[in-house]
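I would like the entire structure built from these sequences, with the hints used as guidance.
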Amino acid sequence: MRDIEITEPVEITLNGELVTAQNGELLIDACERNGSYIPRFCYHSRLTPVGMCRMCLVEVDTGRGPALQPSCMIPVSDGMGVDTESDGVAKAQDGVLEFLLANHPLDCPVCDKGGECPLQDQAYAYGPGESRFVEEKRHNEKPIPISELVLLDRERCILCDRCTRFADEVAGDPLIHFIHRGSHTEVNTFPGEPFASYFSGNTVQICPVGALTASPYRFKARPWDLEETESTCTRCSVGCRVVVESSRNKVLRLQGVDSDPVNWSWLCDKGRFGFQAGNSGNRLSRPLQRCESGELSEVGWNTALDSAASVISAAIAGRGPQSVAVLGGARLTNESAYSWAKLAKDVIGTDNVDCQLGDGLPAELVLGLPGASIDEVCEPGATVLYLGPDAKEELPILYLRLRHAADFDGVKIVEVGPTLTGLSPYAAESVTAVPGETPSVLAALLDGTSEHVEASALLRNASDLKVVIGRANLAEDEAITVQTADLIRESVPGATFLPALRRANVRGALEAGLAPGFLPGGATLAGTLPTGWQSMPAERGGGAAEILEDAANGRVDVLILLGSDPLRDFPDRSLARRALAGAKTVISIDPFVNASAEQADLVLAASMFSESAGTTTSLEGRVTALNQLVTPPGTARDDWMIAVDLADRLGADLGVETSADDLAEEMAGFSDAHVVLGDGAPVGDGVMLDISGRDLLTSAEVEVPPANAYSLRLVLNRTMYDKGTLLEESESSAGLAGESVVKLSAADAAPLGVDGSTQVKVTSEHGSVTVAATIDSRVPKGVAVMHHALGDVDAGTLLVHGDPVCDVRVEVS
Amino acid sequence: MGYLDGFKVTLRKWAGVNTDTGRRVTTEYPEEVRPKPARFHGRHVLNRYEDGMEKCIGCELCAGVCPADCIYVRGSDNDPENPTSPGERFGFTYEINYLRCIHCDLCVEACPTQAITESKLFEFAFTNRSDAIYTKAELLVGDDGRPRQMPWENWDGGFDPAQDTSGWMRATSSGGFAEFEGLVAWAGELGYGVRAPEGGQTSEQAGAEAAAADAAEDEHGGH
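In the order they appear, the protein sequences are chains A and B.
Just so it is clear: in the first sequence, position 195 is 195 by my numbering, and no numbers are missing.
Count along the second sequence from 1, then add 813; that gives the number in my numbering.
By construction, these hints were calculated from the structure, which means they are not laboratory data.
Some hints here could point you the wrong way.
[As the list claims (entries may be wrong)] Below 25 Å or equal to it, Euclidean Cα-Cα: the simulated DMTMM-like pairs (lysine to aspartate or glutamate) are:
#1 A:K781 - A:D748
#2 A:K142 - B:D892
#3 B:K949 - A:D107
#4 A:K220 - B:D957
#5 A:K142 - B:E894
#6 B:K849 - B:D973
#7 A:K250 - A:E230
#8 A:K584 - A:E598
#9 A:K220 - B:D882
#10 A:K250 - B:D882
#11 A:K220 - B:D890
#12 A:K220 - A:E141
#13 A:K220 - B:E908
#14 A:K743 - A:D792
#15 A:K250 - B:D890
Dropping the structure here:
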């Protein structure tokens, strides 16, 4: 049941008492709100009611005498009489449960749901207690895997239609359905087609019996073993609310919480099962230092921090503070991000700080564009201009929200991007623009000269245009995105923007000042010194690309990788490689020895999700709590503790008296970019930042070379499952990353003789790779799509940072 | 001289005269061992079916019900080719901490497969804490269906491994009703087959007692 505001009150008689309900709402909700819980299996407030299970039968009297009716199908009307506790209702519930249990195997002791099972609970509360059936129960093979992550036990299924409705209505992947008829009806996949949905874990969560179980949680614990805390998912920047559950200091499961403004109880599988990385045996439990033999070996924290502080002091004393650079920080909590911003910009005095790795939006856009929340974007009747990456791959829950908005709430989505995406089937119109040409295509749409008449009309007639803006193509310079935003603001002055950021807490890190030229709270270096600070950098530093360029040219003495892995994540792979080789000392602060940390001189063991408490800020600027449930392995510690210790060794005090909350309070004291949620306050939906009066936007003009007939424009984008460290370390998702391919349109593939799995050589000005080519109907002519951080083929070697676009030639090798 | 009065009791008991029952109750333990009651609660055993499969399915109900929180169980997937127990799940980890166990037998009552029962063995003492935590390998009966003897366990004092395991389970029916006296409702055990029900009360007796109890309750005003 969701809380609603009662706008049209009607009076109904519920078990003899007059109560108020919202006109037209479902009876089952009205009764629950008024203190009378009606048992149910098939009804779920986020799914269309179907009245499958008949458990919610109540006696309804609308003037013609009481009759049993399914309360999940009856809208409330004035003067309705309802009895949820009569003998007739009790008998109906008894009967329904006896039938549901007729074939249920009652293997509760081995069932993962046992102990938290609605069927078990309601059989105890409303059931007959004994069965009259003596016949043999139905037998099926159990369990059968219907995907890599979900197992199906058809014996336990009560055919409530929740999973199938979810797959069809919510996820848009109708890959499971009822098959057969009568007493042979069962839920199953289509032959040979697994339930390969990015959202399959939700079916496990909503299954009211143990018919669907998740393989990562299978037999790991029983419900009464679990300790839980509410928190926020940190696998992307949507900020879904979750309950984290652990047993014996090990996180075992994540469940989505119904947060009305954010995730509506849904989670993507990456978020749901990604916690497994924290339990990986490869977690770093102690700091590592490169010893004389060249190996990384374990050292104590004092040794590690002393040596980190001494190289930093030496760099400051030597070539000055700007020879220290900090890269990363989007993995951190707001508090940790602020502590690192203060350490870098105040204590050390360098402005060479960037929390993004050349794959995000410029800080000016994220901090300066007039913001729109997810709810505002999905508001019924809104018009949305979607310019981001494939939401289904990168921001899965935003995709679910947009999909619902388009399907049910009449939201018109106009998509402009280099390829069609998972959202395209739900968009009013999808306009493809070859990389580099987004601004011109968009300009034509906005001034009415475009041939896409419908899209153009929608955008031009929108009274309150919402824009989702992001980087759909990592091979395209970010300046083109700036130019696009600039164009929209000029043509549609009232437009509001939702930045489609990728990493968990990019927004929070940017608000905390982990970007060149910025101080916490979106203030620039030209502004006043924040309260509690002694100094700020004298001159503006460089972003990720400049930092790496400087490092490659030997101008960076200490490169601090704050939970970042440029060797895997920075789009221009060769620059990242040269930079790590060229930096004098590399310090990595990470829970794992990732590819970049393997080349570091010092690796400091950091804590991870659910091991540290704090807050995080989602892409829409919602500050939500991250709660601690388990302890980090060994002596690994929170990032802010490392910052405080380093500052201490550098002779400064970051102002932490007791906990990270001191940092939160200090930051909230002088900026509107942070809110203190309060100790022990309910997690709730978090608090939206209330930001005003920022004037940060810049404009850009990019000269894009004309496309030539011999080459294709490269689109480098991401897939949900790739070879990133956290996914590789998660037991269940490690094998889910696809193979590297180059995707071509049929029109481009035909002349090359590509027919499905041909090996081709993709060559750009800067490098070449050999990779399998496939034909993809979502790729327009003139474009070649490759995925980032996938497989052994390194698409990042094809491009050079700073080039507006990347042209490649594809030849059959 | 009042303090010597107390010794009179001791001396009387020792001599066996003028006591309530008229006999001496002190025995020369451990040289002399009294037979243990039929439903004595001693250290646990994990039973196996007659075909050698483990009865434990790792459901953790014993751990859930344990008031002393002394049982730690974790389940795991059975290898379909070579299952440890019938069905999908088996007890992968099973530990009982005997420094905590109060031998209340709630675990035995909770167990849906009669995997855990208590033997009559109580003579075991440890010299370190890790010995006190019995692991699954230590609790599980051997291939002959007999419990395994730990070095610190004294089996000399009349403990008969062939008879003194799972006594409690055999004394009651699954529903706990004496009317089911003599009806075997439990699975066979490795090495023993289906054990005979424990003799004792009859359903008539139980029925009469129950009726008397009801009558007594009515006299006191019922409920």
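Going down the list of hints, with the structure as the test:
1. A:K781 - A:D748: Given that 25 Å is the threshold and the Cα spacing comes to 6 Å, the pair holds.
2. A:K142 - B:D892: Given pair K142 (chain A), D892 (chain B) holds - Cα atoms ~13 Å apart, limit 25 Å.
3. B:K949 - A:D107: Holds - the C-alpha atoms of D107 (chain A) and K949 (chain B) are around 23 Å apart, at most 25 Å.
4. A:K220 - B:D957: violated, 31 Å
5. A:K142 - B:E894: Status holds; Cα separation ~14 Å.
6. B:K849 - B:D973: Given that 25 Å is the threshold and the Cα spacing comes to 11 Å, the pair holds.
7. A:K250 - A:E230: Within the cut-off at roughly 15 Å; holds.
8. A:K584 - A:E598: Judged against 25 Å, a Cα distance of about 15 Å means the pair holds.
9. A:K220 - B:D882: holds, 18 Å
10. A:K250 - B:D882: Holds - the C-alpha atoms of D882 (chain B) and K250 (chain A) are around 19 Å apart, at most 25 Å.
11. A:K220 - B:D890: Distance of about 10 Å is within 25 Å: holds.
12. A:K220 - A:E141: holds, 22 Å
13. A:K220 - B:E908: holds, 16 Å
14. A:K743 - A:D792: holds, 16 Å
15. A:K250 - B:D890: holds, 19 Å
In this structure, the one hint that does not hold is number 4.
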